[in-house]
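Peer 1: Using the numbering used here, read the sequence shown as starting at 6 and increasing by one per residue.
Derived by calculation from the structure, the hints in this document are not laboratory data. Check the hints yourself; a few may be wrong.
[As the list claims (entries may be wrong)] Across the chosen pairs, the derived CB separations fall in these ranges:
{"hint": "1", "residue 1": "Ala280", "residue 2": "Tyr229", "range": "14 to 22 Å"}
{"hint": "2", "residue 1": "Gly109", "residue 2": "Arg51", "range": "18 to 26 Å"}
{"hint": "3", "residue 1": "Leu32", "residue 2": "Gln283", "range": "13 to 21 Å"}
[Said to hold, decoys possible] Computed cross-link-like contacts, BS3-like style, restricted to lysine-lysine with a CA-CA straight-line distance of at most 25 Å:
{"hint": "4", "residue 1": "Lys97", "residue 2": "Lys135"}
{"hint": "5", "residue 1": "Lys216", "residue 2": "Lys201"}
{"hint": "6", "residue 1": "Lys125", "residue 2": "Lys85"}
{"hint": "7", "residue 1": "Lys273", "residue 2": "Lys187"}
Think of the CB as a built atom: it goes at the ideal place given N, C-alpha and C, for glycine as much as any other residue.
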Amino acid sequence: FVSANPTGPMHVGHGRGAAYGSALANLLQATGYQVHREYYINDAGRQADVLAVSVYLRYLEACGETVAIPSRAYPGEYVKECGADLFNQVGKQYFHPYPTVLAGVPEDPEGEGDEIKMAKERHLDALIEKVRNLLGDGYRTVQDFGLNAQLDAIRATLKAFNVEFDQWFSERTLEQNGAIEKAINRLRERGHVYEKDGAIWLRTSELGDEKDRVLIRDNGLHTYFAADVAYHLDKLDRGFENLIDVWGADHHGYIARVKAAIEALTGKGDLFHVALIQFVTLS
Numbered sequence: 006f007v008s009a010n011p012t013g014p015m016h017v018g019h020g021r022g023a024a025y026g027s028a029l030a031n032l033l034q035a036t037g038y039q040v041h042r043e044y045y046i047n048d049a050g051r052q053a054d055v056l057a058v059s060v061y062l063r064y065l066e067a068c069g070e071t072v073a074i075p076s077r078a079y080p081g082e083y084v085k086e087c088g089a090d091l092f093n094q095v096g097k098q099y100f101h102p103y104p105t106v107l108a109g110v111p112e113d114p115e116g117e118g119d120e121i122k123m124a125k126e127r128h129l130d131a132l133i134e135k136v137r138n139l140l141g142d143g144y145r146t147v148q149d150f151g152l153n154a155q156l157d158a159i160r161a162t163l164k165a166f167n168v169e170f171d172q173w174f175s176e177r178t179l180e181q182n183g184a185i186e187k188a189i190n191r192l193r194e195r196g197h198v199y200e201k202d203g204a205i206w207l208r209t210s211e212l213g214d215e216k217d218r219v220l221i222r223d224n225g226l227h228t229y230f231a232a233d234v235a236y237h238l239d240k241l242d243r244g245f246e247n248l249i250d251v252w253g254a255d256h257h258g259y260i261a262r263v264k265a266a267i268e269a270l271t272g273k274g275d276l277f278h279v280a281l282i283q284f285v286t287l288s
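Using the sequences and the hints given, assemble the complete structure.
Peer 2: The structure is reproduced here in structure tokens:
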């Protein structure tokens with residue numbers, strides 16, 4: 006529960022999820038259940054890359070460069086502080102002139118509309134790739150610096166809120182230890198996987214979902230869903246008898262596909278439960 010992306014400060018919605026999840030865990034424990042509280046750290050994928058580039062641009066700013074922050078990057082003051090902190094620690098170790106960073110990257114257009122939005126995303130994707138290539142091994146250092154700064158802030162907020170976790174589980178480890186490949190191979194062995202249009206699909210429509218879902222895109226990269234499948238399989242392989250996730254109500258459409266994946270993997274889809282936290286308007 007909570008499991009807010011470590012890309013910025015927690016907000017009121019995260020606090021509501023924290024209160025609900027913590028109270029539910031405490032009630033279950035008080036009634037005799039063995040309870041394990043887990044925070045899933047979204048430290049892999051594009052949002053972590055966007056944070057890395059956002060921090061790096063603010064780092065260049067601290068180095069004395071004049072930079073433009075992409076419209077799809079993280080703009081908060083906390084990112085500016087993080088970039089300055091990075092500069093204070095490493096000096097100009099990762100410095101590249103801003104014109105060098107921007108060379109060959111398509112522009113970040115102004116305006117609205119679908120085409121403009123797609124162009125903005127292309128700008129950010131190209132910038133991520135450029136910074137990754139320029140920094141080499143230093144890219145992961147910059148990324149981890151940003152992620153760890155936000156995780157420290159999240160931990161401090163939750164501690165002040167008296168919400169504790171038994172484990173902070175890194176999404177990144179799922180790929181590093183082969184858990185995603187293991188989950189997909191098990192699904193393949195059980196006959197639930199097929200290939201279409203160059204992508205690898207899971208037959209979730211046969212198990213209660215409205216349509217089949219992609220596990221591996223046609224570019225060879227796994228989807229966020231594939232990581233979720235691997236994570237829930239990992240929890241079952243660790244011996245947990247019931248899995249309870251606390252999600253925001255905007256994720257309600259995600260329930261059927263995860264339940265279908267667990268059913269396909271283990272035949273135990275009924276062990277998966279989701280509590281949805283509804284949105285409220287404060288005035």
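Peer 1: None of the hints should be skipped; say for each whether it holds.
Peer 2: How the hints compare with the structure:
Checked against the given bound of 14 to 22 Å, the beta carbons of Ala280 and Tyr229, roughly 21 Å apart, stay inside it. At roughly 20 Å, the beta-carbon separation of Gly109 and Arg51 lies within the given 18 to 26 Å, and the hint holds. Between Leu32 and Gln283 the beta carbon distance is about 20 Å. The supplied range of 13 to 21 Å therefore holds. For the suggested pair Lys97 and Lys135, the alpha carbons sit about 18 Å apart, so the restraint of at most 25 Å is met.
Straight-line distance between C-alpha atoms of Lys216 and Lys201 comes to about 14 Å, which keeps the hinted pair within the 25 Å bound. For the hint linking Lys125 to Lys85, the alpha-carbon distance of about 21 Å falls within 25 Å, and the restraint holds. For the hint linking Lys273 to Lys187, the alpha-carbon distance of about 18 Å falls within 25 Å, and the restraint holds.
The structure meets every hint from the earlier list without exception.
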